[in-house]
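Asks: Taking UniProt numbering, the leading residue of the sequence shown gets 1, the next gets one more, and so forth.
To be clear, the hints were calculated from the coordinates, so they are not data collected in a lab.
Where hints are given, some of them may not hold.
Stated by the list, open to error - Pairwise CB distance ranges (calculated):
| hint | residue 1 | residue 2 | range |
| --- | --- | --- | --- |
| 1 | K33 | I76 | 30 to 40 Å |
| 2 | K37 | V83 | 21 to 31 Å |
| 3 | D62 | L102 | 21 to 31 Å |
| 4 | H111 | Q4 | 51 to 61 Å |
| 5 | D62 | L110 | 24 to 34 Å |
Just so it is clear, the structure is predicted and the values come from calculations on it, not from any experiment.
Glycine included, every Cβ here is placed at the ideal spot set by N, Cα and C.
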Amino acid sequence: MKKQTLGEMIASLRKEQGMTQAVLADKMNVTDKAVSKWERDLSCPDINSMPKLAEILNVTVDELMQGKACPKNESIMNRINEVIQTVLKAIVVAMGTAVLVLSILDKLDLHTGFTLLGIGMLCIGIVLLQDRQHLS
């Protein structure tokens, strides 16, 4: 995502919320001209009013100041997907290791070996499918 100026950020978040400059100005106890100047980067909101502005625009002060908003649900879902992929990859390694060690020790019958390898292959397939969906 392209980094935005503070003014661009305020304007886009305000529009996403379906607010006019006048409505935002009213909520912030400033004039609509002040909001217009913020959005055109001619001036900045007072530092003491930033928490209130961030709350009204439904972002954190950090996101507002950095010029980018991180969709919270999207970032949480990305993190969950990363954890799931890591777990599935660990299962594949564990299954492969178990089959190798048990077959060396002659403690593995053919049916169990194929079952463990099948579970490992299923996990590999899921990981590859998720990687493919993530790339597109």
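Asks: Okay, D62 versus L102 on CB: inside 21 to 31 Å?
Replies: 51 Å, violated
Asks: If I claimed the Cβ atoms of K33 and I76 lie 30 to 40 Å apart, would that claim hold in this structure?
Replies: Check passed, 38 Å falls within 30 to 40 Å.
Asks: Determine whether the Cβ-Cβ distance between H111 and Q4 falls within the hinted range of 51 to 61 Å.
Replies: Check passed, 59 Å falls within 51 to 61 Å.
Asks: The hint says 24 to 34 Å between D62 and L110; measuring C-beta to C-beta, is that right?
Replies: The hinted range 24 to 34 Å is violated for D62 and L110, with Cβ atoms some 57 Å apart.
Asks: Return holds or violated for the Cβ distance of K37 and V83 against the range 21 to 31 Å.
Replies: Because 44 Å falls outside the window, the suggested range is violated.
In summary, the structure is inconsistent with hints 2, 3, 5 from the numbered list given earlier, while agreeing with the others.
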